[in-house]
Amino acid sequence: MAIATPARRISFREEVENLLHAEEGVSLIRCIQCATCSAACPAVEFMDHTPRELIALINAGMKDEVMASNTFWTCASCYACSEKCPEGIRPADVMYALTRYSLWKDTFNRDWVAPEFSRRFTRTILRTGKSYEPGYAPAFIFEGGFPGVVREMRMAVRLLGKGRLPLLPSRIKRIRNLRAMVARVLPLDGIQ
Amino acid sequence: MSERKRVLIVDDDPDFAAGIRAILDAQYDTAVMHNPEDGWDALQKDHYDLLCLDIMMGRGAEGVMMARKIRKDNVLREMPVLIITGLREQIAFLFPGQAVHPGFVPVDELMEKPVEPELLLQKAAALIAASEARKSR
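Sequences listed follow chains A and B, in order. If you count the first sequence from 1, position 72 lands on 93 in our numbering, and the numbers rise without skipping. If you count the second sequence from 1, position 2 lands on 1438 in our numbering, and the numbers rise without skipping.
Do not rely on the hints blindly, as some may be mistaken.
[Said to hold, decoys possible] Under the rule of at most 30 Å between Cα atoms (straight-line distance), these lysine-lysine pairs were calculated in the BS3-like manner:
| no. | chain 1 | residue 1 | chain 2 | residue 2 |
| --- | --- | --- | --- | --- |
| 1 | A | 151 | A | 126 |
| 2 | A | 126 | B | 1549 |
| 3 | A | 151 | A | 194 |
| 4 | A | 126 | B | 1505 |
| 5 | B | 1481 | B | 1508 |
| 6 | B | 1505 | B | 1549 |
| 7 | B | 1441 | B | 1549 |
| 8 | A | 84 | B | 1549 |
[To be verified] Residues from chain A that face chain B, not an exhaustive set, calculated with beta carbons under 7 Å:
| no. | residue |
| --- | --- |
| 9 | 31 |
| 10 | 37 |
| 11 | 40 |
| 12 | 43 |
| 13 | 125 |
| 14 | 143 |
Since the hints were made in silico from the structure, they are not lab data. Using N, Cα and C, we set each Cβ at its ideal position, and we do this for glycine too.
Start from the sequences and build out the full structure, keeping to the hints where you can.
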């Protein structure tokens, strides 16, 4: 009996869709390049390829260009693209898939803010169970130069005035339980 | 001559899966699936003597979930599972210096990428032989 198996090498589109096998949404091949996703995206001006372009590159099999792009690291996860796509494609899920793929394959640019922010955020959550915004400030506050520092400080003062910015970090009760849950799905020898 | 044994490879990286397949093809009938869902379907449809499984696929560590599901399945629980993973490198950015937990999932063997071809063939042969011995007892 012959073994049912895809003998040919799968395309990059299929490679991306395999990352999305458990998600809703339709194949990227359905993209009609209408650019509704790009028009809906609030972060598009910071992307080197618009979401429409990224999907076109994936469908064209241009893996190197896609993996080198900052588009999926720039995604704000607002899901406007997924809501508005007339074909039922979910570009935001594609962005998440490519982000974790680039982490696994170590193809992301370490100079970008987003991966480093992601790393600090994850470690903070695992340490305390909560995000602690002032903890990220020293690493990122100088990214926007002097005007950026002033803008961030103003924002911090306003948040403090409304009681929305904690001065000291706090941790959830039973943080051990959270770590135990994470250890069930991420087989590490001990999360610090 | 005895029938060739059958090996299923489940790995989302087409290049790595093709490499593993090229090594194993010399001695086994191989099949490749690129996500855990298709891998599970293949296991339901056909009999395999060994499963080579990647960890980080789909939404995250889905290889772990698949291995646990196999161990709970009445039919598949006896099938040897060889995990081939680059997990340590894949999570090095988020969790630098972390070792992989030795008892995190009940599999028969764990190999780290990159894989030495000779060693892979040896481990595959040993796992299949041990499984045959268990069955004949």
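To see whether the hints hold, each was checked on the structure:
| no. | hint | result |
| --- | --- | --- |
| 1 | A:151 / A:126 | holds, 28 Å |
| 2 | A:126 / B:1549 | holds, 12 Å |
| 3 | A:151 / A:194 | holds, 11 Å |
| 4 | A:126 / B:1505 | holds, 26 Å |
| 5 | B:1481 / B:1508 | holds, 18 Å |
| 6 | B:1505 / B:1549 | holds, 23 Å |
| 7 | B:1441 / B:1549 | holds, 23 Å |
| 8 | A:84 / B:1549 | holds, 22 Å |
| 9 | 31 | holds, 5 Å |
| 10 | 37 | violated, 10 Å |
| 11 | 40 | holds, 6 Å |
| 12 | 43 | holds, 6 Å |
| 13 | 125 | holds, 4 Å |
| 14 | 143 | holds, 5 Å |
Violation of the numbered hints given earlier is confined to hint 10; every other hint is satisfied by the structure.
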